[in-house]
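A.B. asks: Sequences listed follow chains E and W, in order. The first sequence runs contiguously to residue 462 in the numbering used here. The second sequence runs contiguously to residue 1462 in the numbering used here.
Read the hints as simulated data drawn from the structure, not as lab findings. Since we're looking at a predicted model, the values are computed, not measured. Be aware that a few hints might be false.
[Stated by the list, open to error] Calculated pairs, DSS-like style, for lysine-lysine (alpha carbon to alpha carbon, straight line, at most 30 Å):
| no. | chain 1 | residue 1 | chain 2 | residue 2 |
| --- | --- | --- | --- | --- |
| 1 | E | Lys-156 | E | Lys-112 |
| 2 | W | Lys-1129 | E | Lys-125 |
| 3 | E | Lys-122 | W | Lys-1334 |
| 4 | E | Lys-129 | W | Lys-1124 |
| 5 | E | Lys-25 | E | Lys-38 |
| 6 | W | Lys-1122 | E | Lys-148 |
| 7 | W | Lys-1122 | W | Lys-1156 |
| 8 | W | Lys-1148 | W | Lys-1129 |
| 9 | W | Lys-1156 | W | Lys-1129 |
| 10 | E | Lys-125 | W | Lys-1122 |
Protein chains: 2
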Amino acid sequence: MRPITLQLQPESSQPLYIQLYEYLKAEIAAGGIAAGEKLPSLRKIARDLGISVTTAEMAYSQLLVEGYVESRPQSGYYAGALRAPAQTGGGPRAAAGDIDFDTYPFEEARYKYDLSCFDFVKWKKCMSKVLNEHSALLLFESDPQGEKVLRHEISKYLYTSRGVICRPEQIVISAGTQSLISYLARIMRHMSIDHVATEDPGYAPVQNIFRDHGFAITRIPVEQDGIVIERLPVNIPSAVYVSPSNQFPTGSVMPIGRRYQLLEWASANHSIILEDDYDSELRYFGKPVPALQGLDEGDCVVYFGSFSSTLFPAIRISYMVLPRPMADLFQQIKGDYNQPCSKEEQLTLAMFMENGYYYTNIRRLRSLYSQKLQAVLAAFARYAPGFVTPLNTNSGINITLRVRTSLTPEELSARAGSISLHVRPVASLTDQETAALIFYYNQVPLAEIDESVRDMIDLWRS
Amino acid sequence: MRPITLQLQPESSQPLYIQLYEYLKAEIAAGGIAAGEKLPSLRKIARDLGISVTTAEMAYSQLLVEGYVESRPQSGYYAGALRAPAQTGGGPRAAAGDIDFDTYPFEEARYKYDLSCFDFVKWKKCMSKVLNEHSALLLFESDPQGEKVLRHEISKYLYTSRGVICRPEQIVISAGTQSLISYLARIMRHMSIDHVATEDPGYAPVQNIFRDHGFAITRIPVEQDGIVIERLPVNIPSAVYVSPSNQFPTGSVMPIGRRYQLLEWASANHSIILEDDYDSELRYFGKPVPALQGLDEGDCVVYFGSFSSTLFPAIRISYMVLPRPMADLFQQIKGDYNQPCSKEEQLTLAMFMENGYYYTNIRRLRSLYSQKLQAVLAAFARYAPGFVTPLNTNSGINITLRVRTSLTPEELSARAGSISLHVRPVASLTDQETAALIFYYNQVPLAEIDESVRDMIDLWRS
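Extracted from the complex, chain E is given alone in its bound form (with noise of 0.2 Å):
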């Protein structure tokens, strides 16, 4: 071997049997010392270097634990063979850049917002009370099921705003429909029901995620009073999607007659429903309808519920409320499963929740998005009457639009985006004459609505 150059840094903040390990590193990789090649004992190299054999020591075992040395017993130690790792051009550091808090978020705000929209000062309050009292919690992993603290709440709010009746144990918390669905399709399967039908139009996702677990599809028509019942299949148990309180995406809503008529099919045939309650709580004309849930006798509806309407949108807590039964097989499949949902978060919200903030903040939010619609409107029937019919107007945080037009609702939706207006195609609604779209008028400050609906249309004419 090369005879050995190094200059050990006493006062550097590199430990020095790092340095001598980080020199014999690279004359092995470099071929300074040979594969094979026997190297200096501890002895010999701590006289020469005048350090402790100790920090040869460790400096070796380093080496040795790498693979760079190997130690042959009662004769020493030899650099390893291996291949010499090739330069690396460029590095992370170049390709990095400067991503910071500074430039970050205007490059993620791509739609217009209002921070009006949610008290971040009462979140933080309470996030903080989580941190400061009760930060032994976050060492330990989240319920699979989610944190019963936050089921409590979940009931409790349930019971008062939705009629929906359940226990706690009944609630399973997620993050998004997609795992919900996991969940349930196990479950399902357990009951031999391999069969799902859903509305037509509806929630696409959803129908996506049962035929990815392999369930078969039926879409069923929805008329005026929601999802037309005499066509669900019979004599076979299926479940059946819907969201009687607010259909999507035409908004209509299923009266208390029809409700019961689903309930005795379901009953009748062995058979589930899911009802999707999004959105329902923020209706803004008459009362909010309850929940079918609470109409359930037989054990057969599954509820669905979420928070990134009522909160922020960037939160992630969704739940289902299970019937008694399932939530027994729910049980036994649970120690397969991760809580996916930040434990911090839930905790925070069940705080929210149990301070009354999330009662108050949905309140805010039915007033102030009521004044956002009635703005909407008025500037739809003052700028573009005939053009622009308003489909769903009586709950949620958007609204669904007709446009007669020749454009697709792409090419509407990326003019819309061009003034950082949030507005999505809806192709099962779309035909010959007219684009269907999802206009989320939400997040516009109430001040700008005006305007900004009046600039839309132009650049919809032009």
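Once you've looked at the hints, dock chain W against the given chain E.
C.D. replies: Positioned in the frame of chain E, the structure of chain W alone reads:
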């Protein structure tokens, strides 16, 4: 109960929680607090004594562990041993009872824990900054690939700490191995890979996830220097799942020569290597061994990392680094997924890393856990020579134990659990004469390790 007359001594060498614990224990023993009598709530006793809720909580936990106090889930803390309250029948309101943040922690904290493992003050500081200055970001859903600002921080961290070379575009963030492998499964099918080789013994959950996704599994034996490369499939494209820097559960480290051999195998067979680098930052003897990914020149290594061991266990942020061609494939499918990880936590973590706190925390953990590990090894040497043999002693947050006993690992685990120690059976290493277990010593406070190990050994011998 008698009024509390305790005078806390803040200058005493005895921690405040021990003083409170001793006082309450004496009171209960002397009958000053009668069996069955309700104790003050955590908040009340904290306020009355001018201590933090956490301090009160630690005293109560200890009393709970020792049986001086019982916790009734929907009510509070009671002195002495009492029968649990009978289940109340009726609707959801009766059932919901009074689960709240006073009683909650004790039900959750099944094991000993150590609050000094993570700096929640700094975390809270970062979280507050996100909520104060960047709350607009929370009005948009997270990128399905993960927040760019966090991917940027991870790429810098991986380069300096683990020798991993990547751009932020190659990183995919998700909530645990399961969802990462779901993405990977789709990408691998695009690459016509339908075969996965895994380590035997190895990390079973990963095998199960691949099997659930329809992949064929071959189990390859692990020897002193890692997986036996000569037994890997040839002439068909496949994937091999390895943990070269800290094999689970044997702790073996793959030497540099073998690493190059593994890379050559992958390159020759159009195959990929899935490198699980879990816990490799936490190496207590010598320097962490650099990752295999940094040696890869053939775009064949997928690197997996996680924050569960280096932050706090409740956080579920994991990530993988894809070779560039696979990262391009991910771009094509990412629109089908939602990001399950909390955006709030992703942004907080990016801030925590940007400020250098993450590095400080790892240095602190390395020092704290290495002291704990020494104490654990000393205790086994003292109380159980020839009875318990520690196997994997160089890194991580746990230690593998081989126990010479006729008891099953499940029985040993249950006994350890009875004194709040977290010990998990390892079926793959258990044989006729010995039971193999993994002991999570990291959460046991340093001062309690000797006594905890002694008590556990007593329970295992009896």
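A.B. asks: It remains to establish, for every hint, whether it holds in the given structure.
C.D. replies: Results of checking the hints against the structure:
1. E/Lys-156 with E/Lys-112: Distance of about 34 Å is beyond 30 Å: violated.
2. W/Lys-1129 with E/Lys-125: 13 Å, holds
3. E/Lys-122 with W/Lys-1334: Between E/Lys-122 and W/Lys-1334 the Cα gap is close to 34 Å, so the pair fails against 30 Å, i.e. violated.
4. E/Lys-129 with W/Lys-1124: 10 Å, holds
5. E/Lys-25 with E/Lys-38: 14 Å, holds
6. W/Lys-1122 with E/Lys-148: Between W/Lys-1122 and E/Lys-148 the Cα gap is close to 27 Å, so the pair holds against 30 Å.
7. W/Lys-1122 with W/Lys-1156: 20 Å, holds
8. W/Lys-1148 with W/Lys-1129: Given that 30 Å is the threshold and the Cα spacing comes to 18 Å, the pair holds.
9. W/Lys-1156 with W/Lys-1129: Roughly 22 Å separates the two Cα atoms, so the pair holds.
10. E/Lys-125 with W/Lys-1122: 16 Å, holds
Going through the hint list in order, the structure does not satisfy hints 1, 3.
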